[in-house]
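**Q** Spelled out from the first residue to the last, the chains are:
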Amino acid sequence: MHIIPFRSVLKSSLVLMTLYVVYVSDAASAEDPATTLRGSVDEVLSIAYSGHGTETLPERVRPALAKCVAFDLVTRQAMGPGWRQFSASDQKRATDLFGELLVRTYSTRVVGTQRPKVAYGTPVTLAPDRCEIPTRVTFPSGNEPVAVVYRMTRLPAGWRIYDVLIEGVSFVANYRAQFEEIIQKGGAAAVIRTLEAKLAAPPASR
Amino acid sequence: MKYSIFCIFAFVLCLSSCAVSGNRSAAKSDPVAPAAAAGNLAEVPVQKVNDPLERFNRTMFRFNDGLYTHVLRPVAHGYVLIVPRPARTGLSNFFDNLQFPVRFINSVLQGKITRSAQETWKFIFNSTAGIGGLFRVSDHLQGLADVPAEDFGLTLGVWGIAAGPYIVVPVLGPSDCRDLVGYAGDYAMSPLSWYAFGIIHHEFISNAVSIALSGTRYVNALPKAMEDYDQLKLAAVDPYIAMRDAYLSYRAAQMKK
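Same order as they appear, the protein sequences are chains A and B. Heads up, the first sequence is in this note's numbering, so the first residue is 1 and it goes up one at a time. Heads up, the second sequence is in this note's numbering, so the first residue is 207 and it goes up one at a time.
Hints are computed from structural coordinates only; laboratory data are not their basis. Be aware that a few hints might be false.
Per label pair, the in silico range of CB-to-CB distance [claimed, not checked]:
#1 A:Gly186 - B:Val314: 48 to 58 Å
#2 A:Arg115 - B:Trp327: 27 to 37 Å
#3 B:Ala414 - A:Gly186: 52 to 62 Å
Among chain A residues calculated to face chain B with C-beta under 8 Å, some are [claimed, not checked]:
#4 Gly80
#5 Arg136
#6 Ser141
#7 Gly168
#8 Val172
#9 Arg176
Note that beta-carbon positions come from the ideal geometry of N, C-alpha and C, so glycine has one too.
All chains, please: the whole structure from these sequences, using the hints.
**A** Dropping the structure here:
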């Protein structure tokens with residue numbers, strides 16, 4: 001009679017202990033997401049506002065973005081369930097192309113010469129291995145401040161960004177909506193064709 | 207990444223000065239299911255969109271795109287050449303401050319009393335220390351820096367009125383039925399239209415003044431609106447859907463504030 005409750009208590013305390021150990025060892029071995037994010041944002045902004053002009057910006061900023069953004073996760077999410085029908089090589093190609101679009105898109109957003117200021121809010125835990133960090137970006141030019149939320153997940157290599165919400169608009173969900181029809185109509189081939197065409201077009205008409 | 211996509215529509219809206227808009231009823235859920243482990247992050251549901259007019263909307267979207275390219279962008283370019291950035295920012299702040307009654311009334315209508323008080327203090331500080339609203343001194347004051355702007359579309363949403371179908375309005379861009387009504391409501395609450403409604407009688411104010419002010423306000427908002435629109439288009443693989451999702455998500459987020 002008492003065995004069952006006891007067992008469940010034992011079980012849950014084991015789970016708690018395990019969680020605790022995981023938590024403690026993680027705290028010791030990995031940076032917390034807020035620190036990682038700050039470091040990444042600082043690095044990217046210092047490259048973007050180093051005064052070297054915007055033409056070579058994609059080349060310069062690509063390594064820094066690749067370090068802090070999980071391009072593969074971002075791409076996978078943006079494609080939705082259709083992703084599973086992609087062959088391994090199509091997945092690789094789509095990830096490369098979409099990552100490139102992301103890098104170029106970011107580069108076009110860097111305007112002016114004065115570095116914006118980023119204020120960080122308190123991280124919100126979404127799951128044990130995921131969290132979101134709200135930030136507020138203010139511009140020296142006096143433009144309206146912008147609310148940017150970073151969603152981060154813990155991967156073996158550390159915390160990585162898997163989505164960015166600007167004023168409530170999710171980057172991933174926005175592309176997910178755009179790719180939906182393309183995937184339904186033409187699958188991986190259509191996605192790759194679309195991305196290639198997009199990247200090949202001159203910036204003015206892209 | 208940084209500022210973004212939605213600024214775009216945020217500003218196409220701004221063409222219309224106040225945001226009209228959004229699908230708060232179909233408010234988007236967290237795109238990533240909370241229980242998903244990192245390996246399952248791929249499952250982002252596509253937002254259900256109420257867009258029965260898609261064919262008409264796409265046509266209108268193309269029409270607007272042409273209008274922006276051939277008419278509004280050249281106007282914006284010319285305006286930027288004539289009016290330097292600090293003056294544009296000052297004007298934008300001035301008109302923003304002038305729209306105080308819209309935000310105040312809507313805060314009250316939504317029962318957000320603290321917010322209406324914040325708006326009032328903002329108006330007082332910016333009108334005095336900010337020299338008639340040219341400078342947003344309130345941005346440097348704690349508690350007044352980040353007050354979400356209310357409008358009548360949001361008020362209707364708070365009252366439980368459904369957003370209705372998404373609709374692309376000629377010239378102004380993305381909206382939905384509720385936000386269109388909201389737009390009309392905000393128009394009536396805006397001091398810029400008070401003369402036309404006979405609310406203001408003053409020897410220095412005439413319809414011409416009222417129209418000139420409104421015109422200045424729209425043209426002044428153009429460069430930013432065009433920049434935002436161009437950025438959205440530049441990043442999108444399907445600009446129509448990118449704009450629709452951005453607009454609806456943006457309004458849904460505003461609604462939650």
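**Q** The structure should be examined with respect to each hint, and the outcome stated for every one.
**A** Each hint tested on the structure:
The hint said 48 to 58 Å for the Cβ distance between Gly186 (chain A) and Val314 (chain B), and at roughly 52 Å that hint holds. A hinted range of 27 to 37 Å holds for the C-beta pair Arg115 (chain A) and Trp327 (chain B), which are about 30 Å apart. A hinted range of 52 to 62 Å for the beta carbons of Ala414 (chain B) and Gly186 (chain A) is consistent with their spacing of about 56 Å. For Gly80 (chain A), the suggested interface contact is upheld, since its CB lies about 6 Å from the closest CB of chain B, less than 8 Å.
For Arg136 (chain A), the interface hint holds, since its Cβ comes within 8 Å of a Cβ in chain B; the closest pair sits about 7 Å apart. At a threshold of 8 Å, the smallest CB-CB gap from Ser141 (chain A) to chain B is about 7 Å, leaving the interface hint in force. The criterion of a C-beta within 8 Å of any C-beta in chain B is met by Gly168 (chain A), whose closest approach is roughly 2 Å, and the hint holds. Interface hint at Val172 (chain A): satisfied, since its Cβ lies 6 Å from the closest Cβ of chain B, which is below the 8 Å cut-off.
The beta carbon of Arg176 (chain A) is positioned within 8 Å of a beta carbon in chain B (closest approach about 5 Å), and the interface hint is therefore held.
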